[in-house]
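Chemist: Read off the chains here:
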Amino acid sequence: MTRFLRTTIVLLASFLMILPCGCVPLPENNMIEEITPIIFWSVKGGREDGKITISTLVPPLSKEKKRVLTLNVSLLNEGNKGFNLIYHNELKAGQIRLLFVDEAYAKRGLTSLINTVLTDPNISKRLFLVITKGNFDEFLAKHLDEKDSIDFYLYRMFKHYEKKKQGEITVVNLHQFMKMLYSQVSDPQLPVFRAEGEQLLYEGTALFDWDRMVAEIRGQDDQISQLLYRDRFVRYLVLPDLSVTLGHIRAHTRKKLTSDLSSLSIEIDVKGRIDELDSLTRIEDNFQYVALTQKIERYLEENVFHLLSQMQHLRIDPLQIGGLTIKPFSRPITRDTWDRHWSTMKINVKVRLHLEPLTKVK
Amino acid sequence: MRAISLFRKTSQQESGFYALFLTNRLQMLHYMIVMPTVLVQPYMLWVIVVVGILSQFCLYILSKWFASPYPAQGCQGFEKLFGKTGIKILALVSLPFLMLKISFISVSYADIMQHFVFPSMDREWHIVFPIILSCYLALFGMENMVRFVTIVIIGMIWILFLYIPFFLLPSNSIHDLYPLVPIGPEPFAWKSLLLVFSSLSGPEYLIAISYWLSPQRKMLKYLTIANAISVGEYLFISIASLLFYGSNYLPTIKYPSVEMGRYLQSPIFERVDIILISAYMFSIIYLLALFALMVYGASRLLGKAKKGTSRLGLIVSGCAMVTCTLSISKWFWEPGIEQTFWLELQMWAGSSSYLLLPLLVWFAMKRKARTTS
Amino acid sequence: MTAISLEALEQSLALMEDAEIINRQTPDGLHFTFIYIGTIIDQERLNESIMEPLVRSFQSSVEKSLITAKITRLFNLEQALQDLLKGSVLVHDSSSGRWNAILLPNSLSRSIETSETETIMFGPKDSFSEQLEQNILLIRRRLPLTALKTERYTVGSLTQTTVVLMYIDGLINPEFVDYAKNKLSSIDFDMFLDSSHVAAFIEDHYHSIFPQYLQTDRPDSCAHSLGIGKLVIFVNNTPFALVAPITLFHLFQSPEDYINRWLVASFLRPLRYLSFLLSITLIPFYVALTTHHYQMLPLQILYVIIESRSKLPLSPFWEAFIILITLEIIKEASLRMPTKTSQNLGVIGGIVIGQAAVEAGFASKVLIVLAGISAISTFLVPNYLVTKSSLLLQFMFLIFASYLGIPGILLGLVGMLAHLNGLTSLNQPYLAPVSPFYWRDWVDLFVRGPLHAMSIRPDALRPLNKYRVSRRRK
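Chains as they are written, first to last, in the numbering used here: chain A, 1 to 362; chain B, 1 to 373; chain C, 1 to 474.
These aren't lab readings, by the way, just hints derived from the structure by calculation. Here the structure is a predicted model, which means the values were calculated and not measured. Warning: the hint list may mix true and false statements.
So, partial list: chain B residues that the calculated Cβ filter (under 7 Å) puts toward chain A [to be verified]: (1) F116; (2) P119; (3) W158; (4) H175; (5) V181; (6) P182; (7) G246; (8) N248; (9) W348.
Every residue, glycine too, gets a C-beta built ideally from N, C-alpha and C.
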C-alpha cells in the first residue's frame, strides 16, 4: 500500500512537471510575449454597404514603431479575426480600455455594438466609451512615432478625470452607460471628442435617447450641466458673457418634483472663488460684490433653464430626474408616463452662489 | 503506519464555533450560483429576511436534536432512534440527495470558472481538480475536516470586504432600492421564496456529523448566530448589487456577485473576480470533501459497517462522485431547459431536506421518548 | 556479567593508544592501578587530586584517602568499560581487590556565546553550547523550581547519546510527557549527532517538509516554552534543544516579539506571515499572470512586463525555474564558503549574474526584481528550516501556476493547508489555535497582544495550571 501510494505521488509529480512543457488541457495561449493586447477599438459606421470600419493601434510597446490596423467588416469580431490574420501576433481584447465610436454610428444606435462587447467575458466593464467626430484614423496616423503611445495617454486621461469625479470632461464607462440605459426613466450620455489633425479636442457631452445619440451640449453649456450632477467638482467655469471665471467650484444640487409631476424645482448651491475678472469690472465694496453675484446667479439660472428645456424638448432625461419618481411604497411609473409629464413640466431654477472674491471687499 | 480511521474522534472540545462556521459556510454555498436568479426586485430583500426567520425555525428543531443525548453516541445513537433498518433506509435516501448536491455545486462552480477564468478550457477539468483535492482533504478524516472549517472561514472572510466599495459609489442612489413592497401586476414569486430557502439550506447535514460537534445545550445560540450572519451576508451582497446595477439592469446579468468583483480594480491587480472565484474554491472543496465523507459513511452503513474504514473506500466514493458529476455535466447540462431543471430539482431537494430532515429526527425523538417513558 | 580483572581490561583496551594503565606504590607498600583514557579525562586533576593524595596517603583504602571525590564501586566489566568511556578513572586497590571508578571528565567546551542562528538586538544573549550540563544549568537558572523535572535517556547504539527530557511537572499536560517518553524509549538507531536526528525519530510525520519540533539554542525561549506548558528535549553534544508540541505559528514567533512594544511586535508579526506568503507565491503569481491572466495586469504594469519579456527566449515558467535554481545555487554556495569568500560570491551572484542575465536578454528585469524580493522575504521567517522548506513550496506553486494560473495557486494553497491541518506535533494539531479553534489564544497569534492580556496559558496546550497570574480572574 505504501509503495503504491509512493509510486502514485512520484508519477503525479512527474506528470505535473511535464505538463508545463506542453500537454495542457488549456487550448488558449495567453503567453504574454506572444500576444498583443490592444487597448482600444475605434468603430466607424456610415458606409454605403452598411459595413463598419474598425481600427486599432499595435503594438502596445512604447519603443517600437506603431501601425494602425483598419478593416471594413460587418461584425465587430470579424474585425478581430481579421486583425489576427494581418498582424504577426495574436490580438487579444482582454485589456481593452477605450471604445471610440463615430458620431454617425452613434446616431443610429449603439445596442448591437455594445452587446457584442458585453458578451465577451474578457472585456472589462470599465471600458470607457467615447464619441468621436472627424477623422480619428488620421489622428492615429499622426501618432505612430516610436516614443509616442497615444493610446495609453488617452486612457490615462480618462482614468485621471474619472478618479475623483471631476467635471472637467464627461467620463462614462460601459457599466455606467448600461445602468443608465436600462434605468426605467433616464438616458445615458457620453463624451464627444473631435479629431483634428494631431489633436483630439474635447467638445462636450452627447445626449442619448435610449441608445441613439440625439443631441450634444458643448463648451459653456457642458460646464454648467456638470453642476447639475451630484457632487461634482468643476475646476474652472468660464463665463465669457460676463467676463468672469469661477474656480474650484463645488455644486450641491437639490431637485424636487411635485407629487403630480407638474413641476420641478432645482436648487443649486455653488461654492467657489472668483478666479478671474475682466479689467473693467471692479469689486471694491459689498454692493458691487452682491451685484456681481446676482448677475452670475441670474445668468446661470437662465442657462440651466435653457439646458433643461432643451432636454424636455427632446424628451430625454440624462440627469436622472425621473429617478425621483420612484418611491418606497408605490409602483414605479413607466417611461411613457414620465415622458409625457417631463415634456410639459414647469421648471424653477434657483442658483445660490457662495463666492470668495479675489481681493478683500470692504 | 498507523491504522487509518476516518471517522475517529479523539478530543472533547467545546465546538459551538465549528457548528457556527459550518452552518454559515453551508448556507453561503449558493450565493454565487443561486442569488442572481432570485433577487431581481428590491422588495425581494424582504424575502431573504422572511426566509431567514423560517430557516431559524428549522435550526430550532435541529438544536433540539443537539440537546438530546443521541448525537454524542454516534452511530449507536441513530440506531437507537431509528432501528437498524431505519438507518439503512435513511442512508439510502440521503445518497441521491448528497449526489445531487455535489453534482449541482461542482458543475455550477465549474460553469462560473469556465465563464470567467478559462473560457477555452473544458468544463470537466474544472470539475475534476476540485474533487481530487477534496478527496485528499477528506482522507484526513472527519475530525480534521470539521476543524478545517476555521481555515475556510479565514480564507474567505475577506471577500465580503470587497463589496464595501459598492456602497460608496457616487452613482448610487437610494432610489435603486425602491419600491420596498411588491406593487405591480407580477404575481408574488413563490419560486423565489423557495429558491432562497434552498440556498439557506444545508445545516441539516450537521445531523450526520453531529457526533464530531460535541453537541451541547447551547447549540441554538451558535446556530442562530450563524443563520443571522448568513442572512446578513445575503442581504449585504444583494443590496450592494441592487445599488450597483439598479433593479432594471440586474435581471440581465448572469452572475452579478462575480461581475461586481470584475468591476473592482486594485493597484496591483485588475479583474479581481479571478482571485475571487478561485478563493471561493476554499468553500467548494471543503464542502465537497465533507459530502464525500458523508457519501462514504452512508454507503458503509448500507454495506458491512463493521469493517474498518479504508482509504480505498473513500477514494471509491470520490470516484463515484466524479463519475456522477461528469456524466451530468457531459450529457445533461445544456444551457436552457436542462440547467433550469437541475436548478429546480436542487431547489426542491434542498428545501425539502432542510424542512423534513430536522422534523423527522424530531418526531423520532418524540416517539422514542413516548415509548421509553 | 563478567568479573573485572586486569587482564580482561587490558584486552579490551588493546590497540587504544590513548588508554593508559599506570601502577603506583605508596610508601606503605600498597599497590594502586589506575586505568583511564587519557584524552577524555582531566589529567591535571587526576594528578593533583587523586594520584598525589592517594600515593601519599597513609590510609588503607581508596575511600578513606579521597574523601572529597565521588567514588563508585564497580562489580563487573561492562560497567567498568562504560564508566571508563564516560571519562572515569578506574582505580584498583590491590590490597582489598576492589575496583573503584572516579568520574573525572575533561570539561573541554565552548564558553557561552551569543546565539548566531537566532540573533536579536535586545534581550538575553546567551545561548546553548554542546555540553548538556551547561545547557541544563542555563535553564535551571531561569526556572529555579523543583517542579522542573529532567529525565535522562540514552539513545544510539554507537553514539550512546544522552537525551534529557525537561518539563514543569504539574503545569504541562501529562499526555505530552507520556507521548514523548514513549517515543524516546522506542528509538532504535545507531547514531544521533544532532537534535534533528532525534527529532526525525520522534516526530509523527517524517515525510512532511514542515518541522514538527522547534530547534532553538536560546535558553530564554526554551524557558518560555516550558513556562507555558511545553516540553524541551536536550540532546548531548548539540547546542540545539527541541521544543514541542509546536504549531505552524510558533515557527513565526521570534523571542524579540516579547521584547518589542506590543504594537510594534503586532505589526512585525503579520509582516512575517506576509513575507512567507510572498516568498512562496510571488513568483508563481508572476508566472500565472504572464502565462494565463494578462487581463489582470493594470495597463502600466502590463507595459513594463511586455517590454521586459518581449524578446526573451524562455517561457515564464522556465525562466522563473532557472532563475530560482540559480539563486538557490548561489545561496547554497555562499553558505558553504568561508565568510570572506561568500561576500564575493554574493557580489558575483547577485550583481554580475543578475545584471548580465538581463542584459543578455536571458531573464526579464521584472522577474529579477521579484526573485530578489521573494528571496529576501524568506529571511524574515525566524525559523531556518521553514526558510528552506519554503523553497520547495515555491516550486510546487510554480508548477501549479504555470499549469492552471491563479486557480492553480489557490488549489495548491488549499492542498497545503489541508496537509498542515493533518499534521501533528507530539500528537497535537499543527495549526492549533486556528484549527482546532481556540479563540482565547488569538491574542498571541497573528498579533502579539500586550503581556497583560496573556494572563492565561494557551488553551491549545491544555496545561494543568491555566493561570499565569496568581490572582485568579473570573
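Chemist: Now tell me if each hint is right for this structure.
Modeler: Structure-based check of all given hints:
| no. | hint | in the structure |
| --- | --- | --- |
| 1 | F116 | holds (6 Å) |
| 2 | P119 | holds (6 Å) |
| 3 | W158 | violated (22 Å) |
| 4 | H175 | holds (5 Å) |
| 5 | V181 | holds (6 Å) |
| 6 | P182 | violated (10 Å) |
| 7 | G246 | holds (5 Å) |
| 8 | N248 | holds (4 Å) |
| 9 | W348 | violated (31 Å) |
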